[in-house]
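Each chain, letter by letter, is given below.
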Amino acid sequence: DTAVSQTPKYLVTQMGNDKSIKCEQNLGHDTMYWYKQDSKKFLKIMFSYNNKELIINETVPNRFSPKSPDKAHLNLHINSLELGDSAVYFCASRHDRATGELFFGEGSRLTVL
Amino acid sequence: AQSVSQHNHHVILSEAASLELGCNYSYGGTVNLFWYVQYPGQHLQLLLKYFSGDPLVKGIKGFEAEFIKSKFSFNLRKPSVQWSDTAEYFCAVNTYSSASKIIFGSGTRLSIRP
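Residue numbers (the numbering used here), protein chains in the order written: chain A, 31 to 143; chain B, 530 to 643.
Incorrect hints may appear among the rest.
If the Cβ cut is set under 10 Å, some of the chain B residues that face chain A in the computed set are [claimed, not checked]:
{"id": "1", "residue": "A546"}
{"id": "2", "residue": "Y565"}
{"id": "3", "residue": "F619"}
Facing chain A, a subset of chain B residues (Cβ under 8 Å, in silico) [what the hints assert, rightly or not]:
{"id": "4", "residue": "N561"}
{"id": "5", "residue": "L573"}
{"id": "6", "residue": "L575"}
{"id": "7", "residue": "S629"}
{"id": "8", "residue": "I631"}
{"id": "9", "residue": "S635"}
{"id": "10", "residue": "G636"}
Keep in mind the hints are simulated off the structure, nothing from the lab.
The beta carbon of each residue, even a glycine, is placed where N, CA and C say it ideally should be.
Using the sequences and the accompanying hints, generate a full structural model.
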């Protein structure tokens, strides 16, 4: 049983389109994150939710909108996709917002043409 | 702002060589420290973590790391690498605050020659 699962794993789309990536964790964790990994493997935190409340928003363009319907789910919606949005997006969760390690999903590779 | 530096961008070793990957962080308060590994095409997995206590931490697959507070460092070591250790290695730091976040270094690519 996958602890942190993301869908889709691969996403190829045209510039200007809108797309969503979904994430679910079955670990009972309170806090979830989105990270973006660029082509140079650099990992940058984007958002974090704790019990459905947004607690971290790292100067991400407002074309990116996270949504957390419950504490087990954190989705990422991206409007008006641009070439620079091409990356691997990782969802992660942790038990506590202050301590503990991150558990990562397998990533969603987004390619914008 | 907090930051994590990994000065080795790409390390190439032969099998059985010893490994040390550098990690330095900038944050004056209490920290938790991590090393994650990302095998080709896979997600990040935890190798080891430091929270408190013994500054020498042992992780999975024979890896260990030493927290030296005075040097703001958390270097990763392995006495004898294997070809299967070929991967990207990330150091990360968690800072204690109201909205704690885990910040990652830029990663070190490790290539092992068989």
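Are any of the numbered hints broken by this structure? If so, which, sorted upward?
Those not satisfied come down to hint 1.
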